[in-house]
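S.K.: Here is how the chains run, residue by residue.
Protein chains: 2
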Amino acid sequence: MTLLETNRREMLLGIGAGAALSVGSAAVAQAGGGGRKLGYAIVGLGSYATKQIMPRFKECTSSQLVALVSGTPEKLTRYAAEYGVPAANCYSYKDFDRIRDNPAIDIVYIVLPNSMHAEYSIRAARAGKHVMCEKPMAVSVAECEAMIAASRKANRKLMIGYRSRFEPYNREAIALARGGHVGPTKIINAEHGFTAKPDQWRLDRAMSGGGSLMDIGIYSLNAARYLTGEEPMTVTAVESTDKSDPRFKTVEDRIDFMLKFPSGIIANCVSSYNSNHNRYRIVGPNGYIDAEPATAYEGQRMTIRKGDATMPRVLPAGQKSQFAGQLDHLSECVLADRQPIVAGEEGLADMRVIEAIYRSAREGRTVRMDRA
Amino acid sequence: MTLLETNRREMLLGIGAGAALSVGSAAVAQAGGGGRKLGYAIVGLGSYATKQIMPRFKECTSSQLVALVSGTPEKLTRYAAEYGVPAANCYSYKDFDRIRDNPAIDIVYIVLPNSMHAEYSIRAARAGKHVMCEKPMAVSVAECEAMIAASRKANRKLMIGYRSRFEPYNREAIALARGGHVGPTKIINAEHGFTAKPDQWRLDRAMSGGGSLMDIGIYSLNAARYLTGEEPMTVTAVESTDKSDPRFKTVEDRIDFMLKFPSGIIANCVSSYNSNHNRYRIVGPNGYIDAEPATAYEGQRMTIRKGDATMPRVLPAGQKSQFAGQLDHLSECVLADRQPIVAGEEGLADMRVIEAIYRSAREGRTVRMDRA
Numbered sequence: 356m357t358l359l360e361t362n363r364r365e366m367l368l369g370i371g372a373g374a375a376l377s378v379g380s381a382a383v384a385q386a387g388g389g390g391r392k393l394g395y396a397i398v399g400l401g402s403y404a405t406k407q408i409m410p411r412f413k414e415c416t417s418s419q420l421v422a423l424v425s426g427t428p429e430k431l432t433r434y435a436a437e438y439g440v441p442a443a444n445c446y447s448y449k450d451f452d453r454i455r456d457n458p459a460i461d462i463v464y465i466v467l468p469n470s471m472h473a474e475y476s477i478r479a480a481r482a483g484k485h486v487m488c489e490k491p492m493a494v495s496v497a498e499c500e501a502m503i504a505a506s507r508k509a510n511r512k513l514m515i516g517y518r519s520r521f522e523p524y525n526r527e528a529i530a531l532a533r534g535g536h537v538g539p540t541k542i543i544n545a546e547h548g549f550t551a552k553p554d555q556w557r558l559d560r561a562m563s564g565g566g567s568l569m570d571i572g573i574y575s576l577n578a579a580r581y582l583t584g585e586e587p588m589t590v591t592a593v594e595s596t597d598k599s600d601p602r603f604k605t606v607e608d609r610i611d612f613m614l615k616f617p618s619g620i621i622a623n624c625v626s627s628y629n630s631n632h633n634r635y636r637i638v639g640p641n642g643y644i645d646a647e648p649a650t651a652y653e654g655q656r657m658t659i660r661k662g663d664a665t666m667p668r669v670l671p672a673g674q675k676s677q678f679a680g681q682l683d684h685l686s687e688c689v690l691a692d693r694q695p696i697v698a699g700e701e702g703l704a705d706m707r708v709i710e711a712i713y714r715s716a717r718e719g720r721t722v723r724m725d726r727a
Numbered sequence: 356m357t358l359l360e361t362n363r364r365e366m367l368l369g370i371g372a373g374a375a376l377s378v379g380s381a382a383v384a385q386a387g388g389g390g391r392k393l394g395y396a397i398v399g400l401g402s403y404a405t406k407q408i409m410p411r412f413k414e415c416t417s418s419q420l421v422a423l424v425s426g427t428p429e430k431l432t433r434y435a436a437e438y439g440v441p442a443a444n445c446y447s448y449k450d451f452d453r454i455r456d457n458p459a460i461d462i463v464y465i466v467l468p469n470s471m472h473a474e475y476s477i478r479a480a481r482a483g484k485h486v487m488c489e490k491p492m493a494v495s496v497a498e499c500e501a502m503i504a505a506s507r508k509a510n511r512k513l514m515i516g517y518r519s520r521f522e523p524y525n526r527e528a529i530a531l532a533r534g535g536h537v538g539p540t541k542i543i544n545a546e547h548g549f550t551a552k553p554d555q556w557r558l559d560r561a562m563s564g565g566g567s568l569m570d571i572g573i574y575s576l577n578a579a580r581y582l583t584g585e586e587p588m589t590v591t592a593v594e595s596t597d598k599s600d601p602r603f604k605t606v607e608d609r610i611d612f613m614l615k616f617p618s619g620i621i622a623n624c625v626s627s628y629n630s631n632h633n634r635y636r637i638v639g640p641n642g643y644i645d646a647e648p649a650t651a652y653e654g655q656r657m658t659i660r661k662g663d664a665t666m667p668r669v670l671p672a673g674q675k676s677q678f679a680g681q682l683d684h685l686s687e688c689v690l691a692d693r694q695p696i697v698a699g700e701e702g703l704a705d706m707r708v709i710e711a712i713y714r715s716a717r718e719g720r721t722v723r724m725d726r727a
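As given, the protein sequences belong to chains A and B, one line each in that order. Counting from 356, one number per residue, gives the positions in the first sequence under our numbering. Counting from 356, one number per residue, gives the positions in the second sequence under our numbering.
Calculated from the structure, these hints are not laboratory results. Accuracy of the hints is not assured; some may be wrong.
In this list, chains with the same sequence are indistinguishable; a pair is considered to hold if it fits within one copy or across any two.
Restricting the straight-line Cα-Cα distance to at most 30 Å, the calculated cross-link-like pairs of lysine-lysine (DSBU-like) are [claimed, not checked]: (1) Lys598 <-> Lys552; (2) Lys661 <-> Lys552; (3) Lys604 <-> Lys392; (4) Lys661 <-> Lys598.
All chains should be built: construct the whole structure from the sequences, respecting the hints.
M.R.: Printed below as a string of structure tokens:
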């Protein structure tokens with residue numbers, strides 16, 4: 356298949372729920388209103404912000420890094436120098452609300468521990484800013500609903516950092532799965548996990564809201580939802596945590612879950628803090644589509660079995676990274692007044708299922724989402 | 356790894372529960388007492404018996420085909436001619452019990468629909484014959500227990516047709532998994548399924564006792580048990596069957612299940628009559644072992660990821676087929692008065708879990724095996 360065919364099919368299939376995903380410079384120029392770059396403030400200068408997000412602004416066509424928020428003055432000094440951010444655009448958490456008075460900041464990107472997502476997203480919306488918030492959106496359905504309400508009230512956009520939706524192989528997998536490339540999807544296996552190192556906020560429930568599911572298992576869950584385009588009807592989960600392991604005093608290690616979707620698709624998902632997984636497989640009557648690694652920062656690979664042939668699927672190189680694609684998508688949505696394809700409602704939908712997964716594992720029974 | 360190393364490790368690890376698996380002509384000659392071949396009667400001349408089992412006797416060193424049992428005279432005539440079986444050694448179901456008087460028959464291999472396994476296994480034991488019975492062993496735990504009791508009372512062997520235990524890649528996977536090749540096993544994914552054609556006994560509960568789980572899902576279950584060497588503590592299952600599909604009026608289509616083992620290993624298993632799967636993956640902290648196809652009649656392939664390298668594992672060609680290995684194993688056990696590595700107790704262990712899987716799916720809750 357040629358790139359043209361791929362793009363054409365994606366256009367026809369309309370990736371995303373009710374919103375076209377603009378990809379490539381032509382679309383950006385169109386959406387970006389002649390190249391205006393919206394200003395981002397990054398809130399929380401941890402490893403993901405500084406190593407994955409901030410270096411990608413140089414790829415962006417509609418987004419630029421203009422402000423930093425951190426509780427550590429040394430980090431502000433260091434990254435302000437590295438990215439040419441003026442001292443006036445550096446904030447502590449204490450004076451965070453002063454971003455209201457800074458017109459250079461259009462969008463606030465929350466990259467804090469999960470338990471702080473709701474508070475800072477809501478404060479950003481109240482300060483009149485659009486919000487990008489890392490996943491998981493928050494630590495409860497109630498918090499997600501409060502965040503959506505705050506952004507609506509402020510008439511500002513709210514988007515969740517589901518970067519895989521801007522990654523070419525994942526977009527291809529969505530198109531192939533929903534387009535029935537191996538027939539109508541029957542089963543999805545989605546597996547995500549890594550070996551958690553001790554002594555970090557992810558392992559402290561007060562900061563993280565939960566264990567592997569909140570952190571890496573959410574990739575399995577979100578993939579099951581975006582590959583099907585459906586919401587699960589029932590959730591069945593089993594947790595397995597060695598409570599004598601000092602890492603898992605307050606959060607779960609492994610939690611595996613099965614989702615049953617209205618069309619009959621079953622998703623069989625792994626979430627683990629004690630083994631390495633990064634893959635999904637979409638099974639249809641005529642074969643399967645494998646992605647491994649599926650949702651890594653880079654290096655995605657896809658293999659398709661159809662009929663009796665098993666072949667790698669290689670997409671053209673040189674496309675915009677998922678990180679830059681994610682950043683620019685919100686900018687373009689702001690400029691064109693469109694709803695992001697992964698708005699707050701998407702984070703809320705995941706959180707509803709996450710709460711059902713925890714409940715199912717706790718109660719040892721299948722949970723129906725309409726009664727969750 | 357050389358063949359020598361492989362065999363040496365298998366010897367050291369002692370594949371199977373308390374019984375060494377003899378492989379290769381030297382072991383056979385030793386066990387076989389100078390080359391005596393035991394006589395098999397095949398009961399049920401369906402596709403599996405005639406296409407997979409009967410053609411493999413020519414590979415056997417301790418087994419030979421000497422008798423046939425069928426309700427269809429044309430089949431008896433045809434296969435008796437093809438395999439040189441005398442007319443006196445051909446039986447209908449009506450005169451099945453006369454095998455008692457035929458000293459040429461040492462072993463009776465039951466390849467009938469599942470609901471007939473118990474009856475014919477018990478009648479064969481009462482006729483003084485050793486029994487090989489296809490899997491699933493029967494359609495209930497109670498039947499399995501009755502079969503074991505009948506063979507014990509008759510002082511005859513009872514073995515279940517778990518051919519994968521005699522297949523080189525599966526033996527390798529057991530050795531690697533239990534030997535910690537990628538560290539202690541954390542998660543096993545086992546997926547088996549195929550697209551069931553309509554109008555066959557497998558889809559009639561009165562004959563089959565159940566749907567995909569009884570037929571192909573048992574491979575996922577049995578693999579989870581033989582790869583861990585443990586019995587599950589809890590079982591959580593979800594069934595998904597389109598009852599409007601005429602194939603699934605009386606049996607289940609898909610039933611997925613999670614098993615939690617005492618060491619903490621989780622097995623995440625697929626069983627499907629509506630999509631094609633034949634694989635398992637063993638995940639440890641240092642990588643994974645993939646087998647796909649894992650339990651097919653032939654063509655097994657294995658891939659191992661360890662550290663940062665992903666490599667195929669290719670075993671030496673020309674080994675005895677799993678079918679011949681299975682047939683000869685029971686003959687050798689009879690000759691040496693040893694318990695088969697997949698005796699009736701192995702079929703019973705699977706059936707206990709199968710009943711728990713159905714119960715979990717029916718009741719929508721996790722079932723503890725000690726209360727099952």
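S.K.: None of the hints should be skipped; say for each whether it holds.
M.R.: Results for each hint:
1. Lys598 <-> Lys552: So Lys598 and Lys552 pass the 30 Å test inside one copy only (16 Å; across, 47 Å).
2. Lys661 <-> Lys552: between (39 Å within a copy, 19 Å between copies)
3. Lys604 <-> Lys392: Neither: 45 Å inside a chain and 60 Å across chains, both beyond 30 Å.
4. Lys661 <-> Lys598: between (43 Å within a copy, 27 Å between copies)
When held up to the earlier numbered hints, the structure conflicts with hint 3 and nothing else.
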